[in-house]
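Visitor: Protein chains in written order, with the UniProt record's numbering: chain U, 1 to 408; chain G, 1 to 408; chain L, 1 to 408; chain C, 1 to 408.
Note that these hints are calculated values from the structure, not bench results. Watch out, some of these pointers could steer you wrong.
Which copy is meant is left open, so a pair is good if it fits within one copy or across any two.
[Stated by the list, open to error] Below 30 Å or equal to it, Euclidean Cα-Cα: the simulated DSBU-like pairs (lysine-lysine) are:
#, residue 1, residue 2
1, Lys121, Lys180
2, Lys331, Lys8
3, Lys400, Lys15
Quick caveat: nothing in here was measured; it's all calculated off a predicted structure.
As a plain string of letters, each chain reads:
Number of protein chains: 4
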Amino acid sequence: MHFDYSSKTQALLDKLNQFMDQHIYPVEQQYLDAVHNNPKRWATPAMMEDLKDQAKAAGLWNLFLPKEYLPYGAGLTNLEYAPLCEAMGRALWSAEVFNCSAPDTGNMEVLAKYGSAEHKKKWLEPLLKGQIRSAFAMTEPAVASSDATNIETAIVRDGDEYVINGRKWYTSGAMNTNCKIMVVMGKTDPTADRHRQQSQILVPMDTAGVTIVRPMQAMGYYDEPVGHAEVLFDNVRVPAANLLVGEGEGFAIAQGRLGPGRIHHCMRLIGCAQRALDLACERVEQRVAFGQPLSKQQSVRESIAQMHCDIEQARLLTLKAADQMDRYGNKVARDIIAAIKIVAPNMACRVIDQSIQMHGAAGTSQDFVLSASYAYARTIKLADGPDQVHMMQLGRNLIKDHVGAIKA
Amino acid sequence: MHFDYSSKTQALLDKLNQFMDQHIYPVEQQYLDAVHNNPKRWATPAMMEDLKDQAKAAGLWNLFLPKEYLPYGAGLTNLEYAPLCEAMGRALWSAEVFNCSAPDTGNMEVLAKYGSAEHKKKWLEPLLKGQIRSAFAMTEPAVASSDATNIETAIVRDGDEYVINGRKWYTSGAMNTNCKIMVVMGKTDPTADRHRQQSQILVPMDTAGVTIVRPMQAMGYYDEPVGHAEVLFDNVRVPAANLLVGEGEGFAIAQGRLGPGRIHHCMRLIGCAQRALDLACERVEQRVAFGQPLSKQQSVRESIAQMHCDIEQARLLTLKAADQMDRYGNKVARDIIAAIKIVAPNMACRVIDQSIQMHGAAGTSQDFVLSASYAYARTIKLADGPDQVHMMQLGRNLIKDHVGAIKA
Amino acid sequence: MHFDYSSKTQALLDKLNQFMDQHIYPVEQQYLDAVHNNPKRWATPAMMEDLKDQAKAAGLWNLFLPKEYLPYGAGLTNLEYAPLCEAMGRALWSAEVFNCSAPDTGNMEVLAKYGSAEHKKKWLEPLLKGQIRSAFAMTEPAVASSDATNIETAIVRDGDEYVINGRKWYTSGAMNTNCKIMVVMGKTDPTADRHRQQSQILVPMDTAGVTIVRPMQAMGYYDEPVGHAEVLFDNVRVPAANLLVGEGEGFAIAQGRLGPGRIHHCMRLIGCAQRALDLACERVEQRVAFGQPLSKQQSVRESIAQMHCDIEQARLLTLKAADQMDRYGNKVARDIIAAIKIVAPNMACRVIDQSIQMHGAAGTSQDFVLSASYAYARTIKLADGPDQVHMMQLGRNLIKDHVGAIKA
Amino acid sequence: MHFDYSSKTQALLDKLNQFMDQHIYPVEQQYLDAVHNNPKRWATPAMMEDLKDQAKAAGLWNLFLPKEYLPYGAGLTNLEYAPLCEAMGRALWSAEVFNCSAPDTGNMEVLAKYGSAEHKKKWLEPLLKGQIRSAFAMTEPAVASSDATNIETAIVRDGDEYVINGRKWYTSGAMNTNCKIMVVMGKTDPTADRHRQQSQILVPMDTAGVTIVRPMQAMGYYDEPVGHAEVLFDNVRVPAANLLVGEGEGFAIAQGRLGPGRIHHCMRLIGCAQRALDLACERVEQRVAFGQPLSKQQSVRESIAQMHCDIEQARLLTLKAADQMDRYGNKVARDIIAAIKIVAPNMACRVIDQSIQMHGAAGTSQDFVLSASYAYARTIKLADGPDQVHMMQLGRNLIKDHVGAIKA
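The shape of chain U in the complex, shown without the other chains (with noise of 0.2 Å):
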């Protein structure tokens, strides 16, 4: 057991920091005026395409795909990753430059994995090049999702087609004009077991049938260029080819994404939980009310002592969870993985709120990363399950894990 990043990953984690101070922060809230200021609010402004260029030239690109999908992506363990991720979760918008960011990541770990040969070549491909975007639509406004089995979107087989009828919401990624491809989660067989009724089918964007109804909002924000759309399926039909793997395995490729996915999510936030220490520890000094500096209120104190030890608490964690999806595999990892899905949310949560308020109203303001990130880490505790479920099954395996321990 010992603390200290590897010496590889140090080296990685000092080029990405000076990328950032050089390429990023300078521009951060240019690029934001970018967005918002753009007539095609769903198009990424361009100046995204310079930066990606510059970050591969750096070496910083694809860092997120596992060392197992070599020769595609970088071939970092999770733990190397880590640190990197919580890097660029300082700046939300800034996964992107680095081809990182969600849903494409999930999406690229899944075509790697259980995508055919061709499936590889016309959509992993151009994504691990960051040519183009993708969606993925799991979430439905009818049901409590986060209980696969009650999905309804159907996948009926028609011949050498499969049929799609369903109504899909915070489907992330599809606002975005560059999307060309969504990973559709839905039933092939609803009279199955629990487990194997889910089936996902590749469902390029332009299929006839499918609708964008509208962008949703997450805590007040529509999170342009990317977003997340209602997506209506009306009899959308595709290629049978285009399911993954087979009928009835939706619900384990749910699985396998969801792992890497949660953790990727912990580390930006523990990022976005940082900044938004930083941002206190500077605005702190600055401020001054009632005669002195806020950093000599002894409140004051006590609030950036407590952000600190919750960060660093659940950075830990994650990085363990990191060592062990690494060493053990996301099987075995499952409950640390369960673990800091429910801390690093609730974590980011409150020491965000915490710079708000040291923020005073600056701090809900357009003009800081704060209320965004706040709305990020909240949003994250219903995103992927909410906090209940991973509580539920996290506890349940504890009580099982421990009565059968002093049962053998």
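With chain U's structure known, arrange chains G, L and C on it following the hints.
Guide: Relative to chain U, chains G, L and C alone:
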């Protein structure tokens, strides 16, 4: 001591609730759509005028203005108005229907109390009729404005005029196309005693030198069509008669305004929170996950119970504050006003957040009032003084009173 | 609605506070020393009898017993008694001085309501005179007793007698040498409907087969000289007439008892918490650290403010509950009684804990009431049903009421 | 970075756990009974000596003393010792079995580091052999002792002696009949610089003028047979050679002692908390209420999950602190030591409290370790500096470091 509303209050509340049921809830979403689809983003949708006429006809108009200002206003006590204000808080935009929306309410009270006959004729009367809207310019981007000695905006006498220079933000109401008048807080004498440096002055929106720089976001929301503006005052000249009361009275006027202002915010927040709980009760009964409605989950029941306890306690404290204000005046009620300003926004944040969680992704969406309510509750933890300032004063007073009592 | 005590209540409260100032606080520590240095650990120190005489003489006696039991008791409403009960809670052992201490209060109310003429003559009258003490035996070590169907103690009819077998613990009052009578909850018919299985029966302490096994500790305290006993019932025989009301009435009697019992606990806890806050105000003014009194630290002021807000809210909720019980009966007030049972102990735990922290090591010592108050508050989160049971019922009722309301 | 214990640590931990299973848990309650039934309340029960012999024989002895003091102690790093210390924390009295109990550990470390050859021979060696016990006298009743400049105990040179006058309390260890030596903190020069006023001096328990006034209670517990004493020093004379290192070194010695002392407390508290969670898992599986085991209740599962997350995070932070102390020294590790001192006791209080709640009345009783564990955790929020002092320092340092970094 007893805990039922008076029959007068109950009758008004029944009438108001009936009005909400008939005229507000059925068009709640339609009004929000009208706002967001309006090409003139800062113009109030036309349907508002009809609703205002109906409210006037129903005798539900200017309910906020206390009896000391009769014949202006409805002449209710704070205790009588409190449950009405709570009811309006259930649908945030509805307060304007009854001419009870901030910052007009505070501005009208200030004009009724401190305005000259001419001020009343020119500004108070059209405001009371709902013909124009108004803004309040206090907070400044450059300083911690909760400490009034930090205010930098200069109000300098020059012959028969005052010249105003400074930069304000979060000037509520100033974005609206029908906003005609601003109450501006600034300093007439930075060398005077701490609480005699400030003055308040009336500035018509169309005065030369007034520039609306941009709308400010609050936790992701621009709150169209009312909004919060950044406003630049560049050698703005107004007649000397526009100064309220006299030089050095600005702090006292602000204090007089903030008592009622705070209790109104608190009552509205209690309405927001109760609405969030009502929505949660409905949602958990409808949604099924893992084989049963959420309402059967023990943790859901515990949350619902806790939300209710939190709301009811804050409500009682706020009603007691209203009663103290009515019977002993705002000065004597100072500590309990501080107490509700600490309690109610925090309570509302917690309750609404839990309701969001029970709603899943929908809770973060534009389809429910929840995330906008959360943003409102969160910003009130900063508006009219951050929690910390109220806790500082309340804590200091409690210690002083206690130590005084045992010495006596 | 108004928030001042009636003049009758205020006069009683003034008299009681004066009594506390003159007779209780000056000997508070002396009484505790008398208890702890008493070689007869479970005998009440002699000074108690003098204090009781003085209280009787002052007309501060049996204040708890509601007006429906006149001529027994002082005939106060719950709302009138509540602030008096709070005042007694400031010094925990003082309730006995006024013959208002648990479990005697609950037992007296049960005897007044359900006892036969003979029961009243034999047990109620000496209890009302403060001549004897009593115990209440409900909780059992072997089962989760908050679910009354779990109760295992058997009460079996045998001719003119009932035979009782079972094991109870946390039988409050049973350790005291002057305890003469126990009210015992058991099952007469385990096959009846859920809430008709239980009966309550009177068991004199000196009945053959009753064994006091040991005193139970509650968070480190034995609470001498009253205590909580583990009691074994081994073929205990009592006359059939000792059964209260009739077979199957035990659950209903328990419910009737618990409403007032809970509100008394809550009021006392509010007194504990207010005392803890008063002590904190004094302490932080006296203690100097790092160059200034603790009272000047912003975080101390914030804590003090928060403690006050928490206490005042719980107090208002409890007073409202008392008012509802008085006007609509305990059944209608069921939900608000659940609410205060959830709110008050948690509030008291938080407030007392913060006061302990401000006191440093002294706060954990026998020199201050704080840690004993904490232990009391903590155990009340479990006594008379753990928080979770009350939240379950309150949550379920709120959802049902709300859904009923919108369907209607 | 990796997160598994070294094979050396794991082997020691396995051996220790086996020892706990074989020799400690089976007699855990028996030892406590022996303590509480002992007429000589402050004498350690005889069975302790046997257990110590067995621990010595098993090579589980003096594990706490770091490698820099070899050949004294077991020569483990902090990181190696941490999980062992955690394991001992599961049964609080067990640390003495392994000669790893406070305050002896801190005293031994001080003697090893700062003691003269004679001090070592006379006091350190018998302590290391477990032949005698010791006490540490720092806290004073009259002042806020967390600010070392407040210390009032005077240590005045008089010829070849020092004369000590003052009053201490919460002098841990001083009640025990086998306690032979005290380390006393006092002031040799109240006019020197803040941190040069204090000195530490060795005072044999049987020195004339030393009076054990009384045992102090900590949250209801006297913690027999070790205890916390109030000690009066009335013209106590000891040889000048008893002063450790030199005049003015007292603060530095205290700082050196507190680093390891704090991490030991934190590790033990993690053991307490883990034990509380293990007990909870067992309990909720056994107890049935309202028709199902508590373990099937969603709120129970959520609590269990949260408890686990809290423990695991605090554990990782504490292990990292140990690693930092080992590699960079206690001075560099200052901030993370402050962090664990803030985090671990609060975590333990929360976790143990939840376990108590799940246990019902039993959780507050002497039949489970829970309420004593809670009392220990609660007092550690005050011992070695209250949370607020650590937060003050950590907060201040974080702000300074951050502002320094951005200026650099």
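Visitor: Please go over all the hints and tell whether each is borne out by the structure.
Guide: Hints, one by one, checked against the model:
1. In the homo-oligomer, the alpha carbons of Lys121 and Lys180 lie at most 30 Å apart inside one protomer (14 Å), although the nearest pairing across protomers, at 62 Å, exceeds that limit.
2. Taking the shortest alpha-carbon separations for Lys331 and Lys8, both the intra-copy value of 27 Å and the inter-copy value of 28 Å come in at or below 30 Å.
3. For the identical chains of this complex, Lys400 and Lys15 are inter-copy neighbours only, at 25 Å across copies versus 45 Å inside a copy, given an alpha-carbon limit of 30 Å.
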